[in-house]
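S.K.: Mind docking these for me? Both chains are given alone in their own frames, and the hints should help you get the complex.
Order-wise, the sequence lines are chains A and B.
Under the working numbering, the residue at position 188 of the first sequence is numbered 188, and the numbers go up by one with no gaps.
For the working numbering, count along the second sequence from 1 and bump the result up by 1000.
Simulated from the structure, these hints should not be mistaken for laboratory data.
For clarity, every value in this text was computed on a predicted model and none was experimentally measured.
From the three backbone atoms N, C-alpha and C, an ideal C-beta is built for every residue, glycine too.
Each hint should be verified, as a subset may be incorrect.
[As the list claims (entries may be wrong)] The calculated BS3-like cross-link candidates involving lysine-lysine, where the alpha carbons are at most 30 angstroms apart (straight line), are: (1) K1137/B to K128/A; (2) K208/A to K271/A; (3) K208/A to K1137/B.
[Stated by the list, open to error] Okay, the calculated bits of chain B under chain A, using three or more residues with CB under 8 angstroms as the criterion: (4) 1014-1026; (5) 1148-1157.
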Amino acid sequence: MKHFFLASILAGALALPAAAADYTIMAPAAPGGGWDQTARTMQTALQQEKIAGNVQVVNVPGAGGTIGIAQFASQQKGNPNALLVGGYVMVGAILTNKSPVTLKDVTPIARLTGEYEAIVVPASSDIKTIGDLVAKLKENPGAVSWGGGSAGGTDHILVGLLAKAAGVDPTKINYIAFSGGGEALAAILGSQVTAGVSSYGEFESQIKAGTLRLLAVSSDKKIEGADAPTLKESGFDVVVQNWRMVAAAPGLSDEQKKAVAADIEKLAQSKTWQEALKTKGWTDTYLAGSAFDEQLAKDISATDLVLKDIGLVK
Amino acid sequence: MSTFEFLLQGLASAAQPINLLYALIGVTLGTAVGVLPGIGPALTVALLLPVTYRLDPTGSLIMFAGIYYGGMYGGSTTSILLNTPGESASIVTALEGNKMARAGRGGPALATSAIGSFVAGLIATLALAFIAPYIVKLALVFGPREYFALMVLAFVTVSSAFGDSTLRGLTSLFIGLAFSVVGIDQLTGQNRLSFGIPDLLDGIEVTTMAVAMFAIGETLFIAAQGNKGPETVEAVKGSVWMSAQDWARSWKAWLRGTAIGFPIGAMPAGGAEIGTFLSYATEKRLSKHPEEFGNGAIEGVAGPEAANNASAAGTLVPLLTLGLPTSATAAIMLAGFQQYGLQPGPLLFVTNPQLVWGLIASLLIANLMLLVLNLPLVGLWVKLLTIPKPWLYAGILLFATLGTIGANPSVFELGMLLTFGFLGYVMRVLGYPIAPVVVGLILGPLAEQQLRRALAISQGDVTTLVQSPIAAVLLILAALAFIIPLILRIRGRGEVLSQMAASED
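For reference, chain B alone in the conformation it holds in the complex (with noise of 0.2 angstroms):
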């Protein structure tokens, strides 16, 4: 049978009726859960996966690619309206997310993000199904010193988007770098900056910095104003759809997301946030309203959703074609498979086609249930918003300690959640952005470490970082990214470069 005939079959057998009711039932599982703050996709499947061990090998698989998607996108819909990242690939949603929810504008927020998600899925999905074997080939030629240079370039684009002093954000992005160093040395075993506390060993956990940062810093900060804050939070201002410009503006982003998440959810040591960084820093760069950036821009929005959507499908591309697990969350994918006596591995899509074809199937479908389930919600979802401000903020520091709590259920990590939502609400009152310490602290560690294995493989020899094509070539695009823009501010003071963001397209 061709790859075709295979996945006809598979959408035939996923799309009977008592199948749709399962895929249903994951997204909707999937979603309630991915909602709580701290819980991500990962935690998400292992907590529900025992619910799909009852039915049959196709039922499950359905059941569980709805659970998987429905997490992804729980998060989401949290970092829009309550500006609470549910997971560390959504951070990046609640910077213009929240900002447009605020305005009135959470419809088309959570719209965008849905139908962003729903392409990028589709998209992804079928480029799972075509062209996996040859991404898989491009992802091993990655190695210490290539993905050095990666985090190079998103270092430099993306702390030049955030915020509008340079000097401001660096200093965010510096605080979260020195906390990302906290914990036992990957490379070497041994503590660093633990100061005798057990709980600190593993360092510091990206989502409750982000939970703590984004919910009780915002939380901390409105309540200090009292009542003399001014009533920002409109729910609804003109339709809760996307209007035509709205379809205008996103469409193009949704593309630029998925071709940047696609690839790097595919590379092993990729990760979902960083093509969500760099999708920011591009749909900022190229946009022709680049003044509605911090202030609810929706390519802001629809790239990152995209991207983090087409991530989580190119997290199967290892998984599928070399057996490998490259995230958590693909790991439990691999423990639920086992079950059915399918081993991932270079030989999968050999002995196990209807299995395989049958999983990207469902994955089709239970991304189209993802849309149905929620954009007929997208009006409840904003009525949220209406909610009484101190009921709604209540809500928020609620969900956010019984999430932190529910993934870690530890003294110390609440303590560590409400010492850095002070921090947040301290940033917040000086002016100082909030998203590169978050950044910061994702990024660090993997830019240190895998210079240290870089270097190590060579022996000490510096010259090793530049003596890879692909490595030298993402140096001289993350030199230019810094450079060009300095140039032309000092000839024309920026006038230049949103002029030429505006012929780009």
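Next up, chain A with everything else stripped away, as it sits in the complex (with noise of 0.2 angstroms):
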């Protein structure tokens, strides 16, 4: 019986955050992902450096966040100890689920980290440079298959992107959605797909190894340690960042959003956050104030477009 005991504790806290939080952190995902890592992270960094008491983290899986995003704006409206974590995949899936909750109806408060996306080729391919992939693309589109997560995400508007920049319809790209980055990359390793597109820290260790081949990177200027152009220096004007955000509830008041604002920004220079991006894999890009909200419209518009473009939004 005492593990009927100790089961309903658990089960306890599990299901009612204690009174005490000093911030609850929703990630709007499944245990293990990239929006729930950062939530975990976010946890240990603010007890650890004391910049709150008590931290919890609760997953709302689905939808790639809009479920989550919209329990938050109706649940936490004027709860100055909730936060909410985001990213750019939840900018598309808004658009493509044609959620009734936006980014607008929460507080955006910092981007934290980013990724940028890399392309790639199983080694025995017989494509050697962006430039032969994007050749191959335009002699026939539907030939060219890319693997990649879910439709809609990053990877899928990166190739809609890259099209589009080399002149190819983008409605015609043959992109293959797989769940999760570890079932694409299986299929990129055994040739199922021509090329594979994912965040570079994904495929980092198979590149490395000589199991794939980096044919290009979605960065602004060359990645550190990368052996690979990036897609701009290829001639193609593409730049895409896949960036994790933090917001709060809406109805703040100008005081509290200032504190939560605070609150992240000590984070976001604490010793346990930047130990933990560099274990991780993460560069901060960390991006507050009036200069993110910018950012924000702008990557919001520009998806928008893209996604008409592909033809996944109407």
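M.R.: So this is what it looks like as structure tokens:
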């Protein structure tokens, strides 16, 4: 019976976030993914650096974060202790799912981290450069199959943007969506698809081991240690960053918003956070205040445009 | 150092008393959280991972391995005793396990599950240590068309294995398939049958459906019978331990379950539950006592339980050899390892041999600890069944609800739990089997996505499905599994079939 007793305590702790919590961070995804890891890393850093007392993480998975954001906006209104983790994928998901709740319904605080995308082919492929790949794409768009994450996500958007920049009809691209990075990577390694798209970190160890060939990266400048040109250098004006952000609840007063923003700034500069970024291979892309608001608005309108081009949003 | 020396070194450090204590704590915590319905190993590990941060790398890995195996095992306990699967991989266990528990054979059911998990875990972990690089090459050959053929095989074997009436089994399966198309279509990102309800965008959660169908449906069914219902639950009849006959019937099922579960777990899109389905179907077909299936056949517990543990070890094959996290649990493990600077990937075995072998040794120790912890507790667990019915079922309702809220705190999810519970009740009253609904919900999206991916890659050329030798063989097997029983049934009205099954071993 000891087990049931223990189990019920744990279940209780799960179901009811403790009332004394200084912050409750919602990760609008299942345990294990990028947003969940961001939320749990924030939890550790906020507590260890004594920026906050008690920090809880709640997972509300589903639909690219749109389920989580909907619940967050309606249930946490005016609560200065609630935080939501999100990111670029959410921008696309809100548009494709026609979500009634958008990032306008929460209070974006800051961009925290970012990852750049990489385009790879299996080592056995006869495609040697990004130029070769684009030439094939121009010849017959359907014959080039792209393996990547969920439809309308960052990977899909990058392929759409590249096709457009290369003068290929984006609706003609043959994008094969896989659930989760692992499944897509397996399909690329097994030469099931022509090329693969994902964050650079996801491919890094395979590229170093020589099983995948890196063709290009989606960053503005060359990535340190990556032996490939950027898309920009290759003549395609495409820069895509898969960023992650933190938002607060809607309906906060200016003081409350400032207090949250100050805590997040402390977090971003803390030693624990910076060390965690290093071990996880995340790039620090901290951006807050009006600069972040502007960037966010720019990203949303650009995404809307490309999703319409691909044909996912009408 | 050779492979073997690394393993011995790992075992030596894992066997230190303090590390054994960590293993015990891990297994206990894992089991305790894992028994909650709706809370699978992934969430268990995510919840308990911070506990391991305070320890040194060896201690942390060992406790972690304990939590992982404990969480897996906890799900089976509730499946058997309360007909409430804790996660999708233990759904099949509930079919025969709970029937056994009600007939007073809960002890042997729990024991065969624990020992089967141990045997499977042991063999699969050793296989992980020695043949992982070869297995992973095979797994990478599997592309969308091969997976689709595998799903077809699973559909055919599974749907013939549930219940007595094929028509009723198929009806239930199609109800499950219909539910499986709800939500965002993964390949195009468009909504299907979500009726503007945001909670439905991500489809219907399998554990919610399973817990509702099995636990809530059952509770309603019992409650509706009132005092008239036969007093069928008998806590202990005969020995709590496995008899010689139980052993004789279990050991082959354990080995077959392991052989099925490990390679399927190693496939990036395999999943533990598919191995359990195939194992159940195999055991039913090969059993000398096919009439016992549906009434508590011990092979039906032994095989799937071995399969689900073997597949857990199988998941580690792509994780350790390629750095591919192919399940939620594996993704969380990855996060856990990174704090020690361990970067899973193709070079892991070369760059971090100590940690990898330490982990494999920890898994072996955790596996043993699980057996040590759970076998003596079998007697205690079985006593749960002596709780008076109103209390027991009230408890099941409580745990089912808590588990669902814990995994997904939403009013809508709770509403779904109750609605599907009612559906489960109605199906029970009308005599339709429950399990195929859940099977359809799990296999439906997999089969659909893999088929569409295969056709997208081939740009609509249907012959691609049979052009790969592996896919062709799997499809032929599926066709045979479908046609042979039909012919046999027409010719010998099933007699031949049972004779054949008897002569096969």
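S.K.: Evaluate each hint against the coordinates.
M.R.: Comparing the hints with the structure gives:
Using a Cα cut-off of 30 angstroms, the hinted pair K1137/B and K128/A holds, with the two alpha carbons roughly 24 angstroms apart. Between K208/A and K271/A the alpha-carbon distance is near 29 angstroms, which keeps this suggested pair within the 30 angstroms criterion. A hinted pair counts as satisfied when its Cα atoms are at most 30 angstroms apart, and K208/A with K1137/B qualifies at roughly 19 angstroms. Counting residues of the stretch 1014-1026 of chain B whose beta carbon lies closer than 8 angstroms to any beta carbon of chain A gives 0, which falls below the threshold of three, so the coverage claim is violated.
Counting residues of the stretch 1148-1157 of chain B whose CB lies closer than 8 angstroms to any CB of chain A gives 0, which falls below the minimum of 3, so the coverage claim is violated.
Of the hints listed earlier, those the structure fails to meet are numbers 4 and 5, in rising order.
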